[in-house]
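Construct the complete structure from the given sequences, taking the supplied hints into account.
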Amino acid sequence: QVQLVESGGGLVQAGGSLRLSCAASGRTSSINVIGWYRQAPGKQRELVTSINSRGSTNYADSVKGRFTISRDNAKNTVDLQMNSLKPEDTAVYYCKSTSYSGVYYWGQGTQVTVSS
Numbered sequence: 014q015v016q017l018v019e020s021g022g023g024l025v026q027a028g029g030s031l032r033l034s035c036a037a038s039g040r041t042s043s044i045n046v047i048g049w050y051r052q053a054p055g056k057q058r059e060l061v062t063s064i065n066s067r068g069s070t071n072y073a074d075s076v077k078g079r080f081t082i083s084r085d086n087a088k089n090t091v092d093l094q095m096n097s098l099k100p101e102d103t104a105v106y107y108c109k110s111t112s113y114s115g116v117y118y119w120g121q122g123t124q125v126t127v128s129s
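The working numbering puts the first residue of the sequence shown at 14, with every later residue one more than the last.
No lab work stands behind these hints: they were computed from the structure.
Don't take every hint at face value.
[What the hints assert, rightly or not] Once the Cα atoms are required to be at most 27 Å apart in a straight line, the calculated DSSO-like pairs of lysine-lysine come out as:
id	residue 1	residue 2
1	56	109
2	77	109
3	56	88
4	88	109
5	88	77
[As the list claims (entries may be wrong)] Simulated restraints, written as ranges between beta carbons of each label pair:
id	residue 1	residue 2	range
6	23	65	41 to 51 Å
7	97	39	28 to 38 Å
8	97	56	15 to 25 Å
9	85	129	27 to 37 Å
10	112	26	35 to 45 Å
11	27	114	19 to 29 Å
12	113	54	30 to 40 Å
These figures come from a predicted structure and were not determined experimentally.
Built from N, CA and C at the ideal position, the CB exists for glycine as well.
Structure below.
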């Protein structure tokens with residue numbers, strides 16, 4: 014089993030920055046992909062960005078050039094640096110781990126609120 018704990022959310026003004034962190038514990042050697050997702054009120058959860066064990070990344074078009082995902086395999090953490098934040102980035106942000114066999118786990122989420 015894998016446990017994920019997100020941290021770093023908060024309230025920021027438009028144009029500001031936040032850094033989220035996802036700390037993994039448990040069977041971390043089984044993890045292939047870690048992704049950041051977000052869910053705004055009344056909307057479906059959507060993929061923001063992900064990174065695999067080789068460091069390959071992908072980003073939603075809405076965050077390209079503003080968000081950066083990074084992974085520290087030694088510390089079992091995945092960070093999300095969010096710059097030039099917009100009110101539409103307001104959501105609960107979740108990290109999700111997916112193992113090589115397809116088993117996945119979610120963190121509890123962290124709130125990000127961007128004021129205009």
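Broken hints, by number: Violated hints: 3, 6, 11; rest satisfied.
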